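Participant: Residue numbers (the numbering used here), protein chains in the order written: chain A, 1 to 672; chain B, 1 to 672; chain C, 1 to 672.
Just so you know, these hints were derived from the structure itself, not from any lab. Values in this document were obtained by computation on a predicted structure and should not be read as measured data. Treat the hints with care, as some may be off.
[Said to hold, decoys possible] Anything over 12 Å on all C-beta distances counts as not near chain A; from chain B, calculated: (1) D83; (2) H96; (3) K361.
[To be verified] Each computed DSSO-like pair below joins lysine-lysine, with the alpha-carbon atoms no more than 30 Å apart: (4) K157(C) <-> K167(C); (5) K594(B) <-> K521(A); (6) K84(C) <-> K157(B); (7) K497(C) <-> K84(A); (8) K157(A) <-> K361(B); (9) K157(A) <-> K630(B); (10) K651(C) <-> K93(B); (11) K84(C) <-> K167(B); (12) K594(B) <-> K651(B); (13) K41(A) <-> K157(C); (14) K361(C) <-> K84(A); (15) K630(A) <-> K41(C); (16) K521(B) <-> K630(B); (17) K514(C) <-> K514(B).
From the three backbone atoms N, C-alpha and C, an ideal C-beta is built for every residue, glycine too.
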Amino acid sequence: MLFGVCYYPEHWPEERWGTDARMMKEAGMNVVRIGEFAWSKLEPREGEYDFSWLDRIIDLMTEHGIRVILGTPTATPPKWLMDKHPEIYMRDKFGHVRGFGNRRHYCYNSASYYPYITTIVEKLASRYASHPGVMAWQIDNEFGCNETTRCYCDACKLAFQVWLQGKYGDIDAMNERWGTVFWSQIYNEWLEVVLPANTPFPLHNPGLELDYRRFASDSVVKFQKLQIDLIKQYAPHQAVTHNMMGAFNEVDDFELSKELDIASWDNYPNLMFTRDVNPAIAAMQHDMTRGLKGRNFWVMEHQSGQPGGNIMFPTPRPGELRRWTYQSIAHGADGILYFRWRGCLFGAEQFWHAILQHDGKEGRKYNETKQVGEELKRVASLLEGSANASRAAMVRSFDNEWAFEIQPHIMNYSYMDHFTSYYQYFYDHGIGMDIISPNDDFTNYRLLVLSNFIMATDDMVERLYAFVEGGGSLVLDYRAGAKDWDNRMEPLTLPGKFADLLGITVEEYGVMYKDDTRRIKVEGHDEDYRGGKWFDVIVPRGAESMAVFDEDYYAGSPAVTKHVYGKGTAYYIGTELDSALRDLIFNEISICSKVAAHRGSGIRVPHGVELVSRVKVDKTLWFVINHTVKAADILLDGVYEDGLSGRKLAKGISVLEGNGVWMLLEIEAPSE
Amino acid sequence: MLFGVCYYPEHWPEERWGTDARMMKEAGMNVVRIGEFAWSKLEPREGEYDFSWLDRIIDLMTEHGIRVILGTPTATPPKWLMDKHPEIYMRDKFGHVRGFGNRRHYCYNSASYYPYITTIVEKLASRYASHPGVMAWQIDNEFGCNETTRCYCDACKLAFQVWLQGKYGDIDAMNERWGTVFWSQIYNEWLEVVLPANTPFPLHNPGLELDYRRFASDSVVKFQKLQIDLIKQYAPHQAVTHNMMGAFNEVDDFELSKELDIASWDNYPNLMFTRDVNPAIAAMQHDMTRGLKGRNFWVMEHQSGQPGGNIMFPTPRPGELRRWTYQSIAHGADGILYFRWRGCLFGAEQFWHAILQHDGKEGRKYNETKQVGEELKRVASLLEGSANASRAAMVRSFDNEWAFEIQPHIMNYSYMDHFTSYYQYFYDHGIGMDIISPNDDFTNYRLLVLSNFIMATDDMVERLYAFVEGGGSLVLDYRAGAKDWDNRMEPLTLPGKFADLLGITVEEYGVMYKDDTRRIKVEGHDEDYRGGKWFDVIVPRGAESMAVFDEDYYAGSPAVTKHVYGKGTAYYIGTELDSALRDLIFNEISICSKVAAHRGSGIRVPHGVELVSRVKVDKTLWFVINHTVKAADILLDGVYEDGLSGRKLAKGISVLEGNGVWMLLEIEAPSE
Amino acid sequence: MLFGVCYYPEHWPEERWGTDARMMKEAGMNVVRIGEFAWSKLEPREGEYDFSWLDRIIDLMTEHGIRVILGTPTATPPKWLMDKHPEIYMRDKFGHVRGFGNRRHYCYNSASYYPYITTIVEKLASRYASHPGVMAWQIDNEFGCNETTRCYCDACKLAFQVWLQGKYGDIDAMNERWGTVFWSQIYNEWLEVVLPANTPFPLHNPGLELDYRRFASDSVVKFQKLQIDLIKQYAPHQAVTHNMMGAFNEVDDFELSKELDIASWDNYPNLMFTRDVNPAIAAMQHDMTRGLKGRNFWVMEHQSGQPGGNIMFPTPRPGELRRWTYQSIAHGADGILYFRWRGCLFGAEQFWHAILQHDGKEGRKYNETKQVGEELKRVASLLEGSANASRAAMVRSFDNEWAFEIQPHIMNYSYMDHFTSYYQYFYDHGIGMDIISPNDDFTNYRLLVLSNFIMATDDMVERLYAFVEGGGSLVLDYRAGAKDWDNRMEPLTLPGKFADLLGITVEEYGVMYKDDTRRIKVEGHDEDYRGGKWFDVIVPRGAESMAVFDEDYYAGSPAVTKHVYGKGTAYYIGTELDSALRDLIFNEISICSKVAAHRGSGIRVPHGVELVSRVKVDKTLWFVINHTVKAADILLDGVYEDGLSGRKLAKGISVLEGNGVWMLLEIEAPSE
């Protein structure tokens with residue numbers, strides 16, 4: 001278990017370093033990330049290098065038993081470099097330069113930048129490849145954050161044209177698949193193709209829009225690969241990672257992770273300014289990150305204080321750092337690095353708070369971290385080698401998310417909010433979920449949920465048919481099958497290629513106004529269920545109805561259907577279910593598909609308390625996490641030990657304090 | 001009666017064309033519009049033409065008895081043309097190019113564009129002038145839509161300077177009439193004059209602002225005239241039209257229509273995303289379009305499905321297409337072309353729904369259209385030669401609307417909303433209204449309503465005095481007479497030149513805060529009437545008071561006045577009346593001016609049902625349109641036949657179903 | 001007492017001038033401001049001057065006994081000048097030119113502009129230096145209004161680099177104090193330094209941001225000084241002023257006023273579109289302006305009608321002009337010039353209403369002004385030499401306000417709103433306040449209030465310690481001491497350098513969500529007091545608690561503390577107090593610091609009536625101003641005479657009408 005902190009020695013007088021290292025060690029820390037924004041200090045002027053300070057801090061950390069993850073500093077090219085090559089700056093849709101003074105002020109496709117990257121990364125890799133204290137590398141920092149994925153400069157335009165040529169070969173093929181005949185947009189030459197920049201009205205060809213997003217994502221992947229290759233050349237034994245951003249969607253993280261040794265992400269559970277944080281959001285992003293490489297991951301930046309640029313976000317209450325840390329671990333984190341050690345005295349993030357306040361003294365958050373450090377030492381061997389084990393998966397498709405970003409269908413509609421609403425069900429019911437790519441193998445799962453799967457390749461369609469035929473349960477919902485992978489409408493009656501699998505046709509459809517809903521009836525239930533946002537007018541062609549619209553001109557037509565296909569079952573949801581109906585439908589789906597694992601664990605938790613497990617060959621570690629500030633009654637059907645405190649918990653009700661966490665090991669099995 | 005659809009053969013495989021033509025014919029269609037965005041297909045490269053496909057589809061349609069309206073493709077110049085002449089792109093207020101990728105990416109004043117237009121239009125006109133299947137031409141498409149009327153490029157700046165020189169002759173005259181002495185803005189040379197582009201604060205000289213709007217509108221008119229002249233040279237026998245946009249106000253449609261043979265507009269009754277569509281809005285726009293040339297018109301694009309760019313708007317319910325169609329006809333449409341035949345599989349409007357869904361199969365909307373087609377065959381000879389016959393008119397002044405756009409006076413104030421609130425009264429009370437230009441002849445009307453007529457020429461003032469003197473009833477309201485035609489304030493006590501006609505002075509005035517209102521008393525009425533948005537402090541000088549403010553420091557002064565002048569009467573309204581008071585006042589005005597025609601028709605309709613008539617020499621066609629989803633009781637005082645169904649309706653109450661329409665012919669006269 | 005109006009003779013035919021002058025005289029006016037936007041009329045073409053019309057109007061005014069304040073016309077350089085030197089235009093953050101067509105279209109650092117200014121100002125100054133009718137000069141007009149302080153052109157970039165070199169000398173010092181090591185922003189050369197313009201994310205280095213604001217403010221001061229020096233060279237006997245804008249914060253008015261003979265500001269009490277105007281806002285801005293030079297001031301533009309650009313603001317009700325006028329005088333105005341004489345018939349401000357309506361006739365507002373003119377003649381000798389005399393002061397720090405503008409900490413937080421909430425207490429309780437600079441002498445005051453004093457120089461800290469030690473009462477609140485004067489965080493436990501003075505440490509802190517509050521208890525009070533926006537977790541180190549948080553994890557820790565230090569007392573407020581708690585706390589502070597003067601005046605006013613005094617050597621003038629529309633009962637404990645009406649007011653209750661004003665002189669002393 002890696003346990004540590006992000007540290008910026010270049011921000012502090014060297015005489016303080018020793019104190020910091022000692023305090024870290026006393027808090028049980030064994031790793032630091034350093035260097036990822038330090039280019040100015042490493043190469044103050046072109047070709048003038050100074051690695052001596054970096055040598056000294058790495059040595060110092062190593063002496064204290066703290067290993068180092070080194071960041072490459074390419075997120076912040078220095079001013080001397082930018083002044084020599086101003087063409088490196090990104091440009092926005094209007095052609096404005098996105099200039100110097102913040103960070104990430106570079107274009108991924110700028111040829112001028114590549115030699116500088118090569119040099120600085122080679123210098124670092126060659127110097128520290130053999131340092132025993134350097135365990136891993138982080139490439140750049142948060143690719144794409146603050147809308148820096150998509151650039152509209154001339155270099156990007158040319159690179160996009162080349163990318164399209166590579167993809168389509170023939171420009172007529174591109175015209176055909178994009179449908180540029182619409183509004184007279186046929187391109188005769190690759191060099192004629194535009195970026196989706198400023199036009200009289202902001203509505204570009206959907207095929208071009210989607211390809212541009214794919215291209216921009218690929219540009220980042222290519223940019224990262226240059227650095228990975230350089231590092232691996234010198235340091236093949238040191239791991240390479242990048243700190244991704246969970247639900248951030250501008251870069252396809254499945255692609256970005258392929259060449260990485262381990263996936264990482266930056267976890268700020270309360271970065272949003274909201275009164276009530278939904279802990280499912282962090283849980284989901286952990287699961288997303290775990291799904292990237294199908295194995296455990298690191299949290300490279302883990303919130304330790306109130307974040308803040310010019311505005312401050314909420315201050316973590318006592319117990320929150322510890323609670324968030326165990327949630328991370330419960331979902332598969334094998335490394336926790338807090339962001340950051342101490343509040344910086346200057347710079348754009350001087351309000352981004354840390355373990356230590358600006359005064360550098362031990363305080364509440366330091367003490368809480370220290371407690372976690374001690375607990376982790378106690379449970380390290382238990383955690384070692386354990387992992388989550390899910391039989392259900394949600395499919396996250398960046399391409400589909402982009403298609404909805406380009407065309408949300410519904411005012412203020414969010415693909416991710418909808419995705420989250422399904423995830424929420426599983427979170428609330430303690431059902432472990434994997435979040436996987438549509439290109440991943442489906443065969444190990446019992447249940448697959450694909451939300452808003454408007455585009456699908458033939459291969460995906462075939463594998464989904466095969467999955468259900470072989471006994472799997474599949475959930476599809478509105479808009480499934482409406483488009484092909486080029487973001488074109490299918491000339492088929494909906495749900496298009498999924499019609500046979502789902503046993504329905506969708507004759508009509510439409511949006512609902514704002515918060516409008518329509519009543520939905522479920523046989524045997526008197527509740528006033530509701531569908532919102534969208535309606536499909538479904539005609540069953542073999543499927544049976546699970547819920548029926550009870551209002552408007554499509555009253556009587558199904559809202560949810562179920563179709564036995566082969567050995568499995570395919571479900572279709574033709575509206576946005578309210579949470580009560582969602583729970584009712586998914587309860588049935590979960591039971592039928594046999595994924596409702598945790599509920600049979602012998603541990604019963606009330607609402608607000610999360611139950612999640614990591615499994616080792618021989619045993620299960622049950623994390624019970626109270627996300628509320630109030631004590632909660634936990635009903636135990638067996639006898640357990642809390643690994644963190646060593647305390648034994650008897651059968652019956654035990655009280656878990658507000659913000660409290662247990663890591664339970666079964667001593668005596670539940671009765672059932 | 002033209003009945004048909006907008007069709008894009010270039011979007012579909014040629015082997016489908018036959019099916020489409022057959023299905024159209026079976027639906028009773030006799031016209032299609034084609035070609036208006038097809039430049040890329042007609043001239044794929046400069047000077048390389050391919051009209052063969054257009055020949056084939058026109059021939060095919062002709063064979064099916066379907067006539068063709070050909071669009072000129074100038075709304076979407078191809079990429080090869082734009083790459084050769086990038087100076088054709090419009091520019092925004094900041095100088096940003098409004099680039100390629102949507103449509104309407106050209107400046108009306110770009111000299112580079114004119115030769116290309118000339119060539120493509122001549123090619124088309126010369127080729128199809130003698131084709132028996134081609135009945136008419138549409139110039140370009142929706143001039144100005146998506147804010148493409150006003151451009152800020154250098155060509156526009158120069159053209160504006162030339163336009164000003166043409167208007168004022170002498171620059172001192174322009175300085176005087178604009179009042180450029182204010183803030184030291186005197187221009188010494190024409191070439192010094194600026195466009196109302198980006199400044200430190202967005203507040204330009206009001207005279208310059210208004211002239212720029214006039215210039216921009218004139219630029220469109222001039223642009224259109226080039227094409228009309230070319231077509232008329234080859235095809236003087238084929239009608240020329242343009243699809244305008246109802247209440248859209250950037251181009252003066254009175255001017256734009258002058259050279260057209262027939263006016264057209266695009267009618268999307270539910271393009272707005274609102275829960276309750278007000279059917280008066282479409283009615284008003286029909287009346288506006290009829291007023292352009294003072295005769296019947298075409299609906300060139302008639303909504304047939306949910307519209308949608310990236311967001312979808314509401315799906316029409318069963319019966320809505322039919323209902324909308326008859327409303328259009330009732331207000332004077334002699335041509336209905338649905339937009340569009342089939343949902344496009346690609347492009348920026350792939351979500352803009354059509355008669356056929358993307359799957360191309362017959363469905364609910366096709367069947368509804370077909371029903372209308374059959375009914376129209378039945379009533380064609382009745383409709384032939386019939387027209388609306390109004391004795392009341394509202395005056396729509398683009399110049400005044402622009403003056404209020406430049407200076408709305410009141411936060412979020414809309415000239416058109418206010419205009420609509422008066423129109424609503426007449427709509428609700430079944431009183432047929434014409435909507436005319438202030439330059440039109442007033443003498444045929446009994447009642448004229450001029451809302452917010454802040455600017456007037458001397459000629460208009462004189463004709464209004466003459467109109468009232470001769471026995472007409474005139475309604476003016478707040479801000480009347482405050483400015484001259486140059487958008488300058490009059491140095492007169494308000495209502496300026498209208499003071500004698502109205503018999504009042506307005507000593508003071510002001511806005512009301514947001515939703516604030518002031519109580520208004522009407523003698524003999526106990527209701528709590530209200531005025532909002534604005535107050536005038538009126539002193540009668542011969543006029544009598546119809547309603548009096550009962551609150552604030554101007555309590556006791558009139559809110560509405562009435563002044564007998566010559567044989568007629570001039571009314572003045574000094575605030576925004578609430579709907580109850582508006583109805584009370586206009587009831588009296590309508591009765592006194594003898595325009596309340598329909599109420600004496602023998603047909604009584606409840607709220608939500610529209611009653612409107614077209615008149616032939618010998619008979620009246622009464623359209624009864626139920627705009628609600630509920631059945632309505634219609635009280636008939638005579639015996640009628642519904643021309644659409646052939647059903648006879650006895651005296652007394654008959655039930656009109658939700659979304660239902662009758663076209664009633666009197667068989668036995670009402671008792672009165 | 002100066003009493004007059006802003007007049008634009010160049011807007012009106014010369015034959016009208018005589019009428020205007022006569023009407024002004026009849027209204028008791030003795031001063032006009034003219035010429036400040038007249039460059040086009042004075043120099044229609046480069047080098048062609050015409051001062052004849054200005055001569056004539058000055059002579060005419062002089063003949064009528066009306067003195068002239070001449071404006072320099074530099075706010076509106078003519079078009080011929082801008083066309084010759086387009087580099088003079090300001091540029092925005094994206095590099096867009098902020099072009100011609102409004103006003104203030106120039107950059108303060110444009111070298112091209114300086115020769116033109118020099119010439120026109122010298123021409124004016126030399127011509128009118130000896131004219132007996134010209135009493136004073138106004139430089140330019142409202143520096144910075146409509147966001148024209150900060151420019152992003154190349155001239156500004158260079159000027160900023162030079163300014164920085166002047167400030168820091170050594171670029172390493174600048175890097176150190178800004179902390180440019182953060183995100184690799186170290187500058188090697190002055191010419192590398194950027195303006196805080198467009199970046200990928202709008203978050204610049206806080207040190208750079210603050211220095212840029214200081215630089216921009218200094219640029220204005222420098223720009224003004226050029227003109228002052230020119231005028232003083234010719235006309236050292238004529239006063240020089242500038243019309244500032246009260247709470248407007250882009251220019252440091254303390255610096256801007258240093259070289260002025262008298263401070264002026266433009267007072268529009270109801271420029272905001274709000275239902276209920278808070279009269280404390282105008283009062284505060286009067287006090288701010290009086291504080292600039294520590295003596296009486298002029299209101300150069302005083303609202304006389306509804307303002308309006310494209311939107312109109314509320315029309316003043318009868319009595320409001322008079323009431324506002326006396327409020328201005330009560331707070332120290334020795335000059336009142338209404339804006340403006342007559343509604344302009346043209347130009348961007350044709351809706352900005354005036355004493356006369358557009359028709360130029362005497363009306364309600366003229367008559368009200370005339371009444372004031374008559375009253376002022378009566379009380380002129382009394383007012384002569386009188387001034388406000390406060391023992392309490394609030395410290396307004398532009399630097400601190402800028403620091404909060406750059407980093408508001410809290411969503412939608414406003415330094416000025418918070419400042420105002422403290423001012424409101426003193427306003428409501430009739431306690432005269434000065435508003436002074438942190439560089440001013442503190443020693444004459446009994447109470448100092450410093451809100452959000454996040455930055456302080458060592459000198460300020462020392463003087464505050466000395467102030468309290470010597471017996472003063474000091475109020476500091478949250479964020480005090482958190483930063484040094486470079487906008488860097490202090491590496492000290494909060495409240496940093498103020499810790500000893502306040503006798504506390506602040507261990508933690510944070511924001512509260514939106515309208516969230518936390519309960520606060522005060523011993524001996526049962527009220528449910530509340531703190532909002534921010535919380536400090538305070539540990540007393542000698543201070544005593546005045547109020548204690550009663551909620552959340554910091555329940556029990558003080559919200560407000562009091563610390564006796566030397567002979568004085570230092571208070572600290574660790575949250576945003578609700579108004580009830582604010583009043584409770586400040587009541588105690590006011591009583592203890594002996595500043596609650598007016599309450600002992602013998603005049604008792606209800607809520608909504610303002611009580612404020614000007615003091616002469618031997619007597620006090622009590623202004624009693626009824627800011628409501630309802631009559632108010634005023635309880636008098638002595639016998640008074642109302643100087644305005646000459647009416648004698650007996651002991652007991654007298655009724656002051658709505659919008660009414662008294663200027664009371666004590667005839668018989670109050671009983672106490």
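Participant: Against each hint, give a clear statement of whether it holds in the structure.
Facilitator: Right, here's what the structure says about each hint:
Against chain A, the non-interface label of D83(B) is violated: not every CB pair exceeds 12 Å, the least being about 6 Å. A cut-off of 12 Å between C-beta atoms contradicts the statement that H96(B) is not in contact with chain A; the least separation is 5 Å. For K361(B), the condition that its CB be more than 12 Å from all CB atoms of chain A is violated, with the nearest at approximately 7 Å. Restraint check for K157(C) and K167(C): the C-alpha separation of about 15 Å stays at or below 30 Å, so the hint holds.
Proposed proximity of K594(B) and K521(A) is contradicted: the alpha carbons are some 55 Å apart, above 30 Å. Distance hint between K84(C) and K157(B) is fulfilled; the C-alpha atoms sit about 18 Å from each other, no more than 30 Å. In summary, the hint linking K497(C) to K84(A) is not supported, as the alpha carbons are separated by about 43 Å, beyond the 30 Å threshold. Distance hint between K157(A) and K361(B) is unfulfilled; the C-alpha atoms sit about 40 Å from each other, more than 30 Å.
For the proposed pair K157(A) and K630(B), the alpha carbon gap of about 56 Å is over 30 Å, so the pair is violated. The hinted pair formed by K651(C) and K93(B) fails the criterion: a straight-line CA distance of about 66 Å is larger than 30 Å. The straight-line distance between the Cα atoms of K84(C) and K167(B) is roughly 27 Å, inside the 30 Å bound, and the hint therefore holds. For a cut-off of 30 Å, the pair hint linking K594(B) to K651(B) stands: about 26 Å separates their Cα positions.
Simply put, K41(A) and K157(C) have alpha-carbon atoms about 25 Å apart, close enough for the 30 Å limit, and the pair holds. Of the pairs offered as hints, the one joining K361(C) and K84(A) is violated, with about 67 Å between alpha carbons and a cut-off of 30 Å exceeded. Restraint check for K630(A) and K41(C): not satisfied, since their Cα atoms lie roughly 76 Å apart, outside the 30 Å limit. A hinted pair counts as satisfied when its Cα atoms are at most 30 Å apart, and K521(B) with K630(B) does not qualify at roughly 37 Å.
Between K514(C) and K514(B), the direct Cα distance comes to roughly 25 Å. Compliance with the 30 Å bound is thereby established for this hinted pair.
Consistency with the previously given hints fails for numbers 1, 2, 3, 5, 7, 8, 9, 10, 14, 15 and 16, ordered from lowest to highest.
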